[in-house]
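Letter by letter, the chains look like this.
2 protein chains.
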Amino acid sequence: MRSGIERLFNPTSIAIVGASRDPSKIGHKILKNIIDYGFRGKIYPVNPKAEEILGFKCYPSLASIPDDIDVAILAIPATLTPSALEEAGRKGVKFAVVIASGFREVGNFELENMLVKIARKYDMRILGPNIFGYVYTPSKLNATFGPTNVLQGNVAFLTQSGALGIALMGYSIAESIGVSAVVSLGNKCDLDDVDMLEFFGDDENTGVILIYIEGLNRGRAFMDALMRVSLRKPVIVIKAGRTEIGRKAAASHTGSLAGSPVIWEKALKQAGAIQINDVETAFDVAKAFAWSPHPQGDRLLIITNGGGAGVQATDTLAEKGIELKPPPHEYVTNLKALLPPFASLANPVDLTGQASEELYHHALREALQHPGIDAILVLYCQTAVTEPTVLAEKILLTLRETEVKKPLAVGMVGGGETRKAISFLTSNKVPAYPTPERAANAIAYLLIYAKIRENLARKLSII
Amino acid sequence: MRSGIERLFNPTSIAIVGASRDPSKIGHKILKNIIDYGFRGKIYPVNPKAEEILGFKCYPSLASIPDDIDVAILAIPATLTPSALEEAGRKGVKFAVVIASGFREVGNFELENMLVKIARKYDMRILGPNIFGYVYTPSKLNATFGPTNVLQGNVAFLTQSGALGIALMGYSIAESIGVSAVVSLGNKCDLDDVDMLEFFGDDENTGVILIYIEGLNRGRAFMDALMRVSLRKPVIVIKAGRTEIGRKAAASHTGSLAGSPVIWEKALKQAGAIQINDVETAFDVAKAFAWSPHPQGDRLLIITNGGGAGVQATDTLAEKGIELKPPPHEYVTNLKALLPPFASLANPVDLTGQASEELYHHALREALQHPGIDAILVLYCQTAVTEPTVLAEKILLTLRETEVKKPLAVGMVGGGETRKAISFLTSNKVPAYPTPERAANAIAYLLIYAKIRENLARKLSII
Chain A
-4 MRSGIERLFN PTSIAIVGAS RDPSKIGHKI LKNIIDYGFR GKIYPVNPKA
46 EEILGFKCYP SLASIPDDID VAILAIPATL TPSALEEAGR KGVKFAVVIA
96 SGFREVGNFE LENMLVKIAR KYDMRILGPN IFGYVYTPSK LNATFGPTNV
146 LQGNVAFLTQ SGALGIALMG YSIAESIGVS AVVSLGNKCD LDDVDMLEFF
196 GDDENTGVIL IYIEGLNRGR AFMDALMRVS LRKPVIVIKA GRTEIGRKAA
246 ASHTGSLAGS PVIWEKALKQ AGAIQINDVE TAFDVAKAFA WSPHPQGDRL
296 LIITNGGGAG VQATDTLAEK GIELKPPPHE YVTNLKALLP PFASLANPVD
346 LTGQASEELY HHALREALQH PGIDAILVLY CQTAVTEPTV LAEKILLTLR
396 ETEVKKPLAV GMVGGGETRK AISFLTSNKV PAYPTPERAA NAIAYLLIYA
446 KIRENLARKL SII
Chain B
-4 MRSGIERLFN PTSIAIVGAS RDPSKIGHKI LKNIIDYGFR GKIYPVNPKA
46 EEILGFKCYP SLASIPDDID VAILAIPATL TPSALEEAGR KGVKFAVVIA
96 SGFREVGNFE LENMLVKIAR KYDMRILGPN IFGYVYTPSK LNATFGPTNV
146 LQGNVAFLTQ SGALGIALMG YSIAESIGVS AVVSLGNKCD LDDVDMLEFF
196 GDDENTGVIL IYIEGLNRGR AFMDALMRVS LRKPVIVIKA GRTEIGRKAA
246 ASHTGSLAGS PVIWEKALKQ AGAIQINDVE TAFDVAKAFA WSPHPQGDRL
296 LIITNGGGAG VQATDTLAEK GIELKPPPHE YVTNLKALLP PFASLANPVD
346 LTGQASEELY HHALREALQH PGIDAILVLY CQTAVTEPTV LAEKILLTLR
396 ETEVKKPLAV GMVGGGETRK AISFLTSNKV PAYPTPERAA NAIAYLLIYA
446 KIRENLARKL SII
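Those protein sequences? They're chains A and B, same order as listed.
Be aware that the first sequence starts at -4, since it is given in our numbering, and climbs by one per residue.
Be aware that the second sequence starts at -4, since it is given in our numbering, and climbs by one per residue.
Below, a list of computed lysine-lysine pairs in the DSBU-like style, where the Cα atoms sit at most 35 Å apart:
1) A:Lys89 / A:Lys37
2) A:Lys315 / B:Lys228
3) A:Lys415 / B:Lys424
4) A:Lys315 / A:Lys424
5) A:Lys401 / A:Lys261
6) A:Lys27 / B:Lys389
7) B:Lys424 / B:Lys389
8) B:Lys315 / A:Lys320
9) B:Lys389 / A:Lys20
10) A:Lys446 / B:Lys315
11) B:Lys424 / A:Lys424
12) A:Lys415 / B:Lys20
13) B:Lys415 / A:Lys135
14) B:Lys243 / A:Lys315
15) B:Lys446 / A:Lys261
16) B:Lys243 / A:Lys264
17) A:Lys243 / B:Lys415
18) B:Lys20 / A:Lys389
19) B:Lys415 / A:Lys315
20) B:Lys261 / A:Lys446
Calculated from the model, a selection of chain B residues having no Cβ within reach of chain A, i.e. all distances over 10 Å:
21) Arg2
22) Ile38
23) Glu46
24) Gly214
25) Ala262
26) Leu455
Derived from the structure by calculation, the hints contain no laboratory data.
Virtual Cβ for every residue (Gly too), placed ideally from N, Cα, C.
Isolated chain A (complex conformation) (with noise of 0.2 Å):
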């Protein structure tokens, strides 16, 4: 079963309640971050006092619009929008996104209620409220006050927190992730996680979904859709208020009851998230899954030109479950030759300092095309051998050429010339990372979703 979603994201028309001349307005924001991002649907900003704002006619109420409207967002004060709601009710609004804060996380339960009620009245959906709205970029609508400029990309980043969420919106285009959207929930007064779990489960454009939680309306739905949408692609959970403290300060944040710590944990593991507790490790994985296949097996090869990386690596990784095996036989007889007599030829392969970026290249091509690998780390420390952007150019160059994909992630640690190869990668898609354990946390998440998934198919192949 389907949503019944889709018109929130792919709308053929959205208007604007509040859309402002004035570009300190969330009204003006929103309205310019539509068009600047390029949607392609219509276009109607809503203003009594204004007749046209940033080139678009504007109209003075919702009901005087001469067209159907799928989307109508409400960026207007909390107190005015329960009248704005009815408004788009009689016009026949399919989704009301209500931007405003001031209802239920300042204890305003009564006129959240309203809005649910108004809302339920017209077989509306609500948005929010409290958030600061939402991006979809297959139908190329930004229709936020946060960054313009979101990547398109495939993951679906998804956030109960605003201020966090908007922020991270901007870390992410730091990061070079692209999404395929990005969307605030905030009070969750109507639309909430199982209701995006559902779509973006199903949503092709979609291939990793991450979601900032603090509390939940719907507990068991929320597991459930988990654990069928899991089966399909990696959820990332990040919950906060994992501790006793922690979930004090989101409940007087929020409003909503934050769950013991404890039975989160328990519940997330046994629907198959992925739960990751900070957001700097939660977007490393989520852009390694974005960027990769999934892997075919268990076999993860380290290749390094420090043996000190390598250690931190693979301790990274036992701390996470994952073993090394040695590497195939074959593997191993093809590079001796290349390698001076010292280098370690075990897991990971060590090709000492003195490897020259013809010898990653050989290393990595060997790796990519050998059938009893599935999954490498290539780990760089810099050296005066071998420059890194240059490394970089190489690495992008043997993934080209070798037509086997792989997972892969890269570690480089080192100065301002190593930030800039970071960079490099990042922007071809390469996950890079600039020291051994994050790129090894990363790598890791990959191949422990892949058994994630197998147990989880087995479970409900058994049910």
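Place chain B on chain A using the hints.
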């Protein structure tokens, strides 16, 4: 008792045996770094085939130098090292820095033992072998083949790993972290972590010590020294080979036994070390220690403009055993008048998404001045209301105009402009990070170390 190795770090004369005119050679790079970094002592290149290198008169042998030599850097192949060491001994050289690899780490124990024997005979100390050299910035001495432009500061970084260590020199520059020293310890055939702990424990140019260890030769002596030093300054230990499989990887790499992970963890904890498992967090925390005073108590205040960022930080702190207390009554009263009615005045103090840089300025200044607050975590989610770079300038200004010095960390989440703001702060020695969790971790360890020191003092006074 002083460790007797001051002269290694404050030499009046250095000889570089194997100095070369060929820029691709290590013997060239080390000499060039010594010159370029501005070493003010005497520099003697040694090479029988050259008259002059990089503007310095070259000597055919150590014996032919008409001066006493404190430090001889041997940048020659392993097989030539014993005879050069004999020559150094006869010359009365105090410290031999043996760069070459090809000893114990590849199973060549005999050759390494020979070095030790020769050194003992002449009462000479050896740093190495299998190292990239060392740096001591108070002497303007960079005797490595790593990056030249190491930043001057108060972090002493000691590393068993060569390639990772040299790459982390670059990493420290990229992260604006200044060092007092970088010491490549390699095979530690003579001088080891214990000697270094003793020296840097007493060294007034060093405020924090960061050690990357795979294995130890003198476990008991190390733990004793660690405890003595931890009483005076924080010692961060990255223990590689923490897991059984990581231990094997480390053993194959260094030839040293890495010790049982559980025993390590216990011993390090008992000795007061701050064990951190990944290089990113280790350098994050080193930066906070380097630039912050010690806290006078454990009352930490979080100031944020985003509830979600506050919750993530609260969780991170709670997971490290740090509980937030409510902010002082007068602090709250003072702030109340300036905030919207729905702002949370608990801890975290939520200035809300509408917070201007002026509001941050006020909240931070009052927190710095209030005697009931010991440490401050400032969090910021990029919004349209406040420019991140303007806020960063405001934070710096507030710190400068306030006389009181308190531990502070800043977490700023957002896009490119936010990254610039973080760089601005770190280049002005304000510890700033791109996620709430990294900032929370950094300040957490400052509070944790204060407790460690208290406990150590109690324990040692009882003994």
